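Based on the sequences and whatever the hints tell you, model everything.
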Amino acid sequence: MADVTASEGTLRRFLHGLPGVDPVGLEARAATLGTRSIKTTAKAYAIDLAISMIDLTTLEGADTPGKVRALCGKALNPDPTDRGTPRTAAVCVYPDMVATAVEAVQGSDVKVASVATAFPAGRAALPVKLADTKDAVAAGAHEIDMVIDRGAFLSGRYLEVFEEIKAVKEVCGNARLKVIFETGELSTYDNIRRASWIGMLAGADFIKTSTGKVAVNATPANTLLMLEAVRDFRELTGVQVGVKPAGGIRTTKDAIKFLVLVNETVGEDWLDNHWFRFGASSLLNDLLMQRQKLSTGRYSGPDYVTVD
Amino acid sequence: MSTVDRLSVLKTYKLFVGGKFPRSESGRVYEVTDSKGNWLANAPLSSRKDARDAVVAARKAFGAWSGATAYNRGQILYRVAEMLEGRRDQFTAEVADAEGLSKAKAAAQVDAAIDRWVWYAGWTDKVAQIVGGANPVAGPFFNVSSPEPTGVVAVLAPQESSFLGLVSVIAPVIATGNTAVVIASERAPLPALSLGEVLATSDLPGGVVNLLSGRTAELAVPLAAHQDVNAVDLAGADAELARELEIGAADNLKRVFRPRSVDFSAEPGTDRLTAFLETKTVWHPTGSLGAGGSSY
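Heads up: the sequence lines are chains A and B, in that order.
Just so we're aligned: the first sequence equals residues 1 to 308 in full-length UniProt numbering.
Just so we're aligned: the second sequence equals residues 1 to 296 in full-length UniProt numbering.
Certain hints may be false.
Partial chain A-side listing against chain B, Cβ under 10 Å, derived [what the hints assert, rightly or not]:
(1) E264
(2) S300
(3) G301
Pulled from the structure, derived: some chain B residues nowhere near chain A, Cβ distances all over 12 Å [to be verified]:
(4) M83
(5) R87
(6) K105
(7) E148
(8) L223
(9) Q227
(10) D228
(11) F264
(12) E278
If you're looking for bench data, these hints aren't it; they were derived computationally from the structure.
All figures in this text were calculated on a predicted structure; none of them were measured in a lab.
The beta carbon of each residue, even a glycine, is placed where N, CA and C say it ideally should be.
Next up, the structure:
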């Protein structure tokens with residue numbers, strides 16, 4: 001695949017040579033897979049799996065060290081009334097909160113993910129983005145969530161986007177890199193497919209739908225498209241890349257729909273929090289309420305989960 | 001086309017949840033008959049999930065409704081009476097069918113129901129003076145109690161009185177700022193489902209009243225056990241069901257209003273109005289008693 005990224009021209013030819021997406025077919029397939037009925041033991045399994053896949057996120061201007069510590073507490077022990085509840089995969093915070101989060105989750109398997117590269121707009125010079133990333137890595141982040149330069153992508157400067165991801169990947173060191181495309185700003189499904197390939201070619205460990213800061217975030221259709229991309233990429237190169245839908249996934253029902261998509265598109269290899277994540281905050285509470293309902297038989301309520 | 005050829009348009013009775021008119025999530029319906037067994041309509045046969053969705057809607061509506069001024073709530077309840085007045089004939093016919101009453105007797109029931117909305121509309125901004133107020137305490141405190149709504153109330157509407165009874169259990173619950181999930185009379189749910197259309201056009205925010213039709217026992221059990229329901233009115237439960245529901249309700253210490261024989265045509269009193277209230281008491285220090293003995 002090295003020759004594909006040899007020049008602007010070859011990369012463009014490759015990306016524009018990818019098969020076009022049939023939007024009607026894609027959305028219909030995503031919708032059909034969303035109608036599966038998952039009940040009883042399968043539901044219990046799906047809920048625990050979904051909890052273990054959450055990147056518990058707080059990305060607010062008003063974040064304080066106290067709030068980040070509380071979030072970490074929740075990631076470590078999501079339901080204090082049931083210690084059998086799995087931990088979330090990670091907490092996701094801004095770079096300046098990484099040190100606080102790392103200290104709070106120390107000694108556990110909960111990872112600390114940090115957004116970087118002038119999240120969420122990504123409108124900064126490359127050296128600034130690299131410094132942002134280095135800062136987060138130095139503070140101990142295990143994972144970096146970067147945003148691509150949508151402006152460059154939309155004006156067709158694909159190689160620039162590619163080089164930027166590559167540069168960020170280099171400064172990540174051992175940290176895993178998630179590349180956010182902000183699918184809501186890419187306008188077409190064809191663009192999402194192209195962006196996915198740029199990300200994977202540049203060495204992304206994860207491809208991620210969105211920042212959660214725009215109107216359209218993760219949808220079943222765009223996640224299905226990205227799952228197809230990682231499936232095709234592994235067939236072609238043997239390299240497995242993870243997928244992370246983020247933003248707008250708030251209910252257990254939604255989360256289970258995504259898990260069905262994963263199982264039906266890429267299979268069990270991805271049904272693990274090393275390869276699939278949910279970027280979410282309020283989703284966890286709904287999962288916990290559903291979990292309580294399954295174990296007690298009574299509908300739970302927001303009074304019985306922590307408010308964050 | 002001559003008028004003789006015209007097919008009448010039958011109404012599809014639907015639930016009223018969150019200000020919308022959905023069918024039952026289960027897709028089920030059941031046949032509703034009049035008192036002589038003649039078919040009237042198919043009503044939705046709600047499922048546990050409909051009940052859960054209704055609780056979510058009621059919880060969502062609670063903040064704004066309980067925070068609305070008492071005066072505003074009164075205006076809206078009065079508006080319900082106004083809207084009902086305009087559809088008096090429709091409700092008279094529905095009540096007559098449902099309960100096997102003569103037209104005159106059914107009309108009297110509807111009139112009494114309309115008056116009941118007005119009666120409770122008047123209570124909204126007066127209930128605090130009756131059950132709250134300043135308390136004399138032995139200390140340098142100004143001590144004041146005020147009633148606050150309990151929260152989401154699951155209401156089992158009376159089985160026999162399909163409309164007057166229904167209004168008599170809904171109005172007191174929402175007058176004080178609670179939101180309600182109501183299970184209509186199992187045998188005669190049509191007046192209740194039509195009431196949804198009235199509530200939807202009375203400036204009542206969506207979700208404040210949610211109306212479900214179906215098997216009372218099937219819906220009441222998950223509601224009584226629901227951790228996000230704060231109180232239950234068991235008006236429509238028989239003794240055996242009431243016992244089971246009280247046990248379910250005990251788990252999260254719900255307020256329970258036990259079934260009792262009520263003449264719904266009589267003036268209702270404040271029993272139901274004050275049943276779903278919590279008293280908040282504030283102790284405000286006024287400083288130590290001065291040499292003169294005054295605390296102010």
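Point to revise | Claimed clearance of chain A by R87 of chain B, with the beta carbon kept past 12 Å | key: With a cut-off of 12 Å, R87 of chain B remains clear of chain A, as the shortest Cβ separation is near 34 Å.
Check your understanding: Does E148 of chain B sit more than 12 Å from chain A, CB to CB?
Key -> The claim stands: E148 of chain B keeps its Cβ more than 12 Å from every Cβ of chain A (closest is about 16 Å).
Practice item. Could you let me know if the closest chain A CB is still more than 12 Å away from the CB of D228 of chain B? Key: Non-interface label fails for D228 of chain B: nearest chain A Cβ at 3 Å, not farther than 12 Å.
Exercise for review: Have a go at the S300 of chain A hint: is there a Cβ in chain B nearer than 10 Å to its own Cβ?
Suggested key: holds (5 Å)
Practice item. Over 12 Å to the closest beta carbon of chain A is the bar; see if F264 of chain B clears it. Key: Given a closest Cβ separation of 31 Å, the condition holds.
Check your understanding: Is E278 of chain B truly not at the interface, in the sense that its beta carbon sits beyond 12 Å from all beta carbons of chain A?
Key -> holds (14 Å)
Practice item. Tell me if G301 of chain A is really an interface residue toward chain B, meaning its C-beta lies closer than 10 Å to one of theirs. Key: OK, holds: G301 of chain A within 10 Å of chain B, min 3 Å.
Practice item. Quick one: work out the minimum CB distance from K105 of chain B to chain A and report holds if it exceeds 12 Å, violated otherwise. Key: With a cut-off of 12 Å, K105 of chain B remains clear of chain A, as the shortest Cβ separation is near 40 Å.
Point to revise | No chain A beta carbon within 12 Å of Q227 of chain B's | key: Label violated. Min Cβ-Cβ 4 Å, cutoff 12 Å.
Check your understanding: Any Cβ of chain A at or closer than 12 Å to L223 of chain B, or is the non-interface label fine?
Key -> violated (8 Å)
Check your understanding: Beyond 12 Å from every Cβ of chain A: is that where the Cβ of M83 of chain B lies?
Key -> Given a closest Cβ separation of 32 Å, the condition holds.
Exercise for review: May I ask you to test the interface hint for E264 of chain A with respect to chain B, counting a Cβ-Cβ separation under 10 Å as satisfied?
Suggested key: violated (25 Å)
The structure shown violates the earlier hints numbered 1, 8, 9 and 10.
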